[in-house]
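Could you slot chain B onto chain A? The hints should help.
Chain by chain, the residues:
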Amino acid sequence: MEVSDIIRPENQVFCKTKLMTNTALSYCPGCGHGTAHNLTMEVIDEMGISEDVIGVAPVGCSVLAYDFMNIDMTQAAHGRAPAVATAISRLWPEKYVFTYQGDGDLAAIGTAETIHACNRGENIVIIFVNNGIYGMTGGQMAPTTLAGMKSSTSPYGRDIETMGSPLKITELIANLPGVYYVTRHAVHTHKHARKAKKAIQKAFENTRLGKGLSFIEIVSNCNSGWKMGPNESNIWMEENMFPYFPLGDIKVDGILKK
Amino acid sequence: MSELKLMKGNEALAEAAIRAGVDGYFGYPITPQTEIIEYLMAERPELRTGMVVLQAESEIAAINMVYGAASTGKKAMTSSSSPGISLKLEGISYLAGAELPAVIVNVVRGGPGLGTIQPSQADYFQSVKGGGHGDYKLYVLAPASVQEMADFVEDAFDIAFKYRAPVLILSDGLIGQMMEKVVLKPQKPRWTNEELIEKSGDWAVTGKKGRERNIITSLDLQSEKMEARVRRLMKKYEQMEKEDLRFEKINCDDAEYLIVAYGSSARISQKAVELGRAKGIKVGLLRPITLFPYPKKALFELADQVKGILSVELNAGQMVEDVRLSVEFKVPVEHFGRTGGIIHTPEEILEALEQKIIKNGSIRHHKTRESSIL
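Listed in order, the protein sequences are those of chains A and B. All residue numbers for the first sequence refer to the numbering used here, where the first residue is 293 and numbers rise by one. All residue numbers for the second sequence refer to the numbering used here, where the first residue is 22 and numbers rise by one.
In isolation and in its complexed conformation, chain A is listed as follows:
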């Protein structure tokens, strides 16, 4: 029996969703972006909405998300994805519109667009990948860089006195009346990824029901930017990121969790 006799469609028990293209990911090995992309595309595929979805790519590591996600996408200026998504959703209310943004994009340069799109309760999904660093430009301090954490622009560690505290924008957003669903997840283990996928599905269901804004934060690693191996970075993330950015639901069905 040859290998080609075994690798046949009828023997396949699991495969990459067809909504991920065959383009090789530009992400570093060990990075969580690939999994976050995959989960998003799986949800869209399983919900059967791939022909009615419009995604908005940010500036940052995931600027090329449109190379990997096999759906209609538009690429926004740095931080402006929620404004871009607002207009798309307003003019095509029957479509599923989502943004996929990193922490620098969403919580620094795009803070105003993020807060106001959330406050207007736009009927969109925001997927926010928080790895506490600017990955694309080579590891500079982000709004979510932890206190004392080193980066190329905080080489002696983030000094709270002069650089401010890491921004918990997700908690901030959850307090806005227009926001319907806010949850924080991770994707570094199968267990976490399964939970994250359920959250993404709930978010797109909310769009279907016209419930307003759903916001999913994915706390992720950046092994390159953090100057660590993939496994080491995941352990560091659990020990350092999760205590400051605790996983779990923050607001469900418009009601803040106690």
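In case anyone wonders, no lab produced these hints; they're calculated from the structure. Bear in mind that the values here come from a model prediction, so they are computed numbers and not experimental data. Do not take every clue at face value.
[Said to hold, decoys possible] If you want the footprint, here are the derived chain A segments under chain B, 3+ residues with CB under 8 Å:
id	segment
1	357 to 370
2	379 to 391
[Claimed, not checked] So the derived list for chain B, only partly shown, Cβ under 8 Å to chain A, looks like this:
id	residue
3	I81
4	A82
5	Y88
6	G89
7	A90
8	R234
9	L240
[Said to hold, decoys possible] Some chain B residues flagged as far from chain A (calculated, every beta-carbon gap over 10 Å):
id	residue
10	L68
11	M86
12	L135
13	I138
14	Q208
15	M255
16	K256
17	D265
18	N272
19	K292
20	A299
21	K351
The beta carbon of each residue, even a glycine, is placed where N, CA and C say it ideally should be.
Same frame as chain A, now just chain B:
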């Protein structure tokens, strides 16, 4: 059906936008253009045509909303005034780079900085020389009346969709704020989604129903691809110069002297031409209606006929550079303009023509300049 009304320039533009079947307007208040969003909000176009009107959190958000709307093939527009347009320039560069059709209106006020809320034409350079980053140009329409504020909305969208490129309507506080009679065109229906997909389905992001996915981006990390994109843009601009240049000649047939002016300055200069003619001065007016493309050839040809040219602008001297470039130093070219929100009178313009051009007509100092450059 058509209607005759007495309206402010800003209001006429807003009403014309509804009647042109625009899908979305995204704006932010700034004097002297705020009547545009105020009029649209009061008119409830969502009930009249289904047009979406949204007050954004900033000019930056507004232009990016236009980018999002334009990505989907809808007719989208925004308006602002000078400081607000500066904020929009990143988004305008993205629109040009991503080859998206959209209309931007600048009701210009004086600058730099917060400047003044009074009329000005000091955004000429910003409008025609790029403004934002990168190799791009805007098709720029300069209305000189309330009627043109209304008419240019539809014209601008026609050009925007013909070329898949952003178009700028460069007005100013005078044209925006003044009231004149205006003939409003009958209501055009907005495109249905089916019509839109038929028209723009090969590029717009509308959900990939029955086709391969579409992507809107201005990013090309491969240099060859980026250069190809820039070349594609330059080709569009060449075509605009060939097919969509617009200008108006007034009293030019026998002119010995020429005034070049656009927008509100052209309106005032037209009176200066009348005053000059009454005094026996054979003066004509060339009014560029599009500032890009620019009537270079018409000016080059007129330079063989006239003894001197005065560029009249509400600024410290911007378009005068393009006039000089167009006539290639064949005749003296001087600038006259007021700044700070002061509007020149026809008498001042005529006096400037007499002092700067007619009196100095025999001194061909531009020839000297030419030789010093060579």
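Hints not upheld, ascending by number
Structure breaks hint 11 only.
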